[in-house]
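S.K.: Residue-level listing of the chains:
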Amino acid sequence: MPDHEHQIGQHGDGWEPTIVAFFCNWCTYTAADLAGTSRLKYPPNARVIRVMCSGRVDPQFIVDAFARGADGVLIGGCHPGDCHYIEGNYKTLRRMALLRRVLEGMGIAPTRLRLEWISASEGEKVARVIREMTESLRALGPLNLPAMRRRWDAELIPDAVAAPSDVRQLAAEGR
Amino acid sequence: MRHKEHAGNGAPRVGVYICHCGTNIAAVVDVKRLTEYAATLPSVALAREYKYMCSDPGQALIRSDIAEHKLNRVVVAACSPLLHEHTFRGAVESAGLNPYYFQMVSIRELDAWVHTDGVEATRKAEDLIRAAVQRVIFHEPLETRRVPVNPNVLIVGGGIAGIHAALTMANAGKHVYLVEREPTIGGHMAKFDKTFPTLDCAACILTPKMTAVGTHPNITLWTYAEVQQVDGYVGNYHVTVRRKPRYIIEELCVGCQECIDACVYKEAKVLDEFNLGLGKRKPVYLPFPQAVPLLVVIDPETCIEFKSGKCKKTCVEACGDRGAIDFKQTERLEEIDVGAIVLATGFRSFDAHRVPYYGYGTYPNVFSALEVERLVNAAGPTGGQVVLRDGRRPERVGIIHCVGSRDENYNIYCSRVCCMYSIKLAHLIRERSGAEVYNFYIDIRTPGKGFEEFYRRTLDEGVHFIRGKVAQVSEWATRPEEEGKLTIQVEDTLAGMIRRIPVDMVVLSTALEPQADAEAVRRLFNISCSTEGWFLERHPKLAPVSTFTDGIFLAGACQAPKDIPDSVAQAGAAAAEALAIIDAGSIALEPNTAYIIADDCSGCKTCIPLCPYRAIAFSAETAKAEITEALCKGCGVCVAACPSGSIHQHLFEDAQILAEIEGVLAAVRA
Amino acid sequence: MAETSKPQVAFYWCASCGGCEEAVVDLAEDILGVVDAVDIIFWPVALDFKRADVDARPDGSIAVAFINGAIRTSEQEEMARLLRRKAQLVVAFGACAHLGGIPALGNLWERGTIFQRVYDEAPSVTNPEHAHPQESWSADGHATTLPAFHDTVRALDQVVEVDYYLPGCPPTPKVIKDAVGAILSGTLPPRGTVLAPDIALCDQCPLKESKPERLLITEFKRPHQVEIDPNVCLLAQGLVCLGPATRGGCEAVCPRAHMPCTGCFGPTSRVIDVGAKMISAVASIVDAADAGAIDGILSTIPDPVGTFYRYSLASSRLRRRTPTEQPAVAGAEEPD
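Residue numbers (my numbering), protein chains in the order written: chain P, 1 to 175; chain R, 1 to 670; chain E, 1 to 336.
It cannot be assumed that every hint is accurate.
[What the hints assert, rightly or not] Just a sample of chain E residues kept apart from chain P, beta carbon distances all over 10 Å, derived:
1) 25
2) 77
3) 122
4) 131
5) 139
6) 230
7) 275
8) 276
9) 279
10) 286
11) 309
12) 319
[What the hints assert, rightly or not] DSS-like, lysine-lysine: derived pairs with alpha carbons at most 27 Å apart:
13) P:41 x R:191
14) R:244 x R:191
15) P:125 x R:541
16) P:41 x R:541
Hint data in this document are derived by calculation from the structure and do not stem from the laboratory.
Cβ coordinates follow ideal geometry from the N, Cα and C atoms, glycine included.
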């Protein structure tokens, strides 16, 4: 659907970063709603996925988001000591600490993964964090792993041999 | 990865509904284009737009489409799910489809209201809708869990709000535990002499209610007590209350106060807390004459028996056969089960020491407003006389508004009640002492019923109102008439000049602030605080008495500064909402619990220490982990941690979230 | 070529250590049963058939092609595609074909860096002319070619469609025997299945009972730093044992030999990135609450990428290090 493709090019020519944001229901998502009811304005680069607790955020989600084209991943949870489920955010803190080391080793700039503690009344902080992260990603440039994978895969032979579906066709014919 | 097969009701047929929300969404987001886009998404059977999806016709549209078009999934793109997810689930359910085959997308709070570029906002909405459509395909039918509700109620705080809530619920036949930190209930209102604007005697309207609380068969009153621990969840809270020792056996004391008369201290020497240090008491004391319960308290810090062990204990002698004094009393822990909790812990007064240029604590005749309430109170330390520290009558009194309020250096907010109480004190001071009274204000805020009239009356009585924020209060005289006086320096903004006004007494109208331990208290109850530290209501407009923690309600000034009628109204509202839960008999819990697929579990025990509710246990029999559904709160921490992907969460399955991630990023291309 | 009625079977090795070939031989006497039941028509390590022989066969005429090793060169890619055309079933044999294996750790660098290291900088190398392998070279009127060396290592299913996976580094004799038996008797699970139990290793580990129910870690250790108690769960002793995240089926050979599981059987079917999942599990049980203390404990895992993605880097969601963002991995001696 070409109409709905975002412009990704060399950074600087109309490209905008895409941020996938996991917000915990009780604190950060509520604060994001507050930012909305207060009509605060911030850049439209974030896509919020709601979870009940930041502790639900599996590192698999984060690597998947990067793999699918996110330029940045933001996780919003309650301040330490305030987690609605008592200590879910501590688990998040620990997981992000280890994941960040691995991401760094995989060549992904550590500023692309951001963990923020945002309480239910901090609507202004939601706006500020998204604004800051958008600006810093604009300066850093796109990650765009899908495009990178296509470039990496250019070294493969274009598929000149019969597609595997031929084999299945043959098998279906009993050969 | 093998994605979870979408659950059981045939190939997915998704109905997508885009709400205009009047112009709230439609003014920024191109809803027509969105609807066209949604119709092109895989598995979408139809896409519609409508002005107000949450209205009856909007919901009817969903119902009729489900029937006519055999929809088995519904997505609504509108306001926040925190507002209307429940509404739309209800609409889906009433059409005979399981309510959890529904997903809501916020394109208002998270999109139209926060972005100005319509093209970008629409693009973002497309991504969010696509994600929701992909997610909802993986939804499963779920049953709402219902748990029984304990009919008892806990009210924390025995001020006017707590008292009113307690009486309302007790009269409705519920058993109420009212826990108050001070030795008596009454709160701040018990300290006032008259209340604005009617100048009703505070004690006259309060004490009957206090007495009613003390004698009500349905109220268990624990004063001098604090909540120590709260476990459980709405409908089933288990609370531990710590009752501090008064060293008096409550059942035996009749409040005769002979022990106080007989105390070896002939004179009262200890600064009296109730009178804010303006008066004195003995180590054995009654907080004030109308205290409820009418029980004395022994202060172990100042009582000779506690300090040296060698007192004649004339108090015990005076108590005689009743034998109500027990120096060996220890604190007691009470454990109770309640279904709902109302927090009515009130406020604290701004500490005027923090504003050094007003001289509080430096000049003896600078008083806080609450201190002056005690002075004008007939039962107070000066018998209702407005006098200076040396006993003289003041001839001129200055009242400074907004001390600690509307001030970037302290609290930005307006404390709502101070203009009215400042006007009230102006009236009372003038009445009692005949002094010239000057009120220094930024704005006069008198919005309530009868408030503006009260202000007019006070103006007519000759009280001077000067518009200007006072710069300083000082004893330094620059002119002869300032000698021996406290001079208030202020810019009179209406007259357009700086004025220096010498007075004998200065009254500081101090702000209302959250209690000092509000942070600790809110953690205890697992609720949130706003940035200023007030307990946070669920919604500032539509849910001012409930919190984000089901079953915990707010009443009175602990939620935000307010006056007595508003506190009482809010307390009634909190009581009503608590009663609604209790009378429903059972409570519906979101079915977002975690569950383990036993065949998949390897018994690695990674999850066991992670659950803060101990909902996961290791079964020695099966050598696998097991989750007790009733204890699970649905945080999902164990789901994320399970290294073999054997724990799932209803409503937040990996497949659902991964579908959402795929959906929001689908448009990213090179 | 004589037609037989026995199913025809091919073995091929890509970027491989040879361990998977040995694993077949390790079937010991059971191998006789296999040899009896099938006709091996291609097995470079053991038999003298050539690529041209495979080429000459009709498409789909090979019953099963067992391919081990990761895809690192264009030749390996060509052979994989050829065997895919010629075989009805392609089985990814061993961790390298299944996940990328140890060779996939090469994805932390690029070809240029690797060649520089191997041909110029390695301590025991003398190469004053900086001679590096070339895809084609002419000398004395003769032209020679070498396969292209890919920048990125791939698992087999990133190049051809794979029907089944035999996990392990190498797959254990039992896993191989069970799989071959299933293939020969036609009792196979759905296409795409990994032919080993779909449950984590702890299920089969003899040390499971000794694992405490509430295990929280204050320090991680490496095997040489601990006098390993053979009767106590290895993770409980501070060793990073990936058993909880790793598919079982190997009967816990490594823990039984007092070494922590390194994850060679890969994830269960419910996991999309096994490194990320183990990161989640390990970090969740770190016994610290503030960032400083957490970092202190995590720094006792010196090489997190190598530890959590030892066999699975190529098939992880990120696939390889993104070369443009940062210089080479901290700690590696590249003058990049």
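S.K.: Hint compliance check: list the failing hint numbers for this structure, sorted ascending.
M.R.: 2, 7, 8, 9, 10, 11, 12, 13
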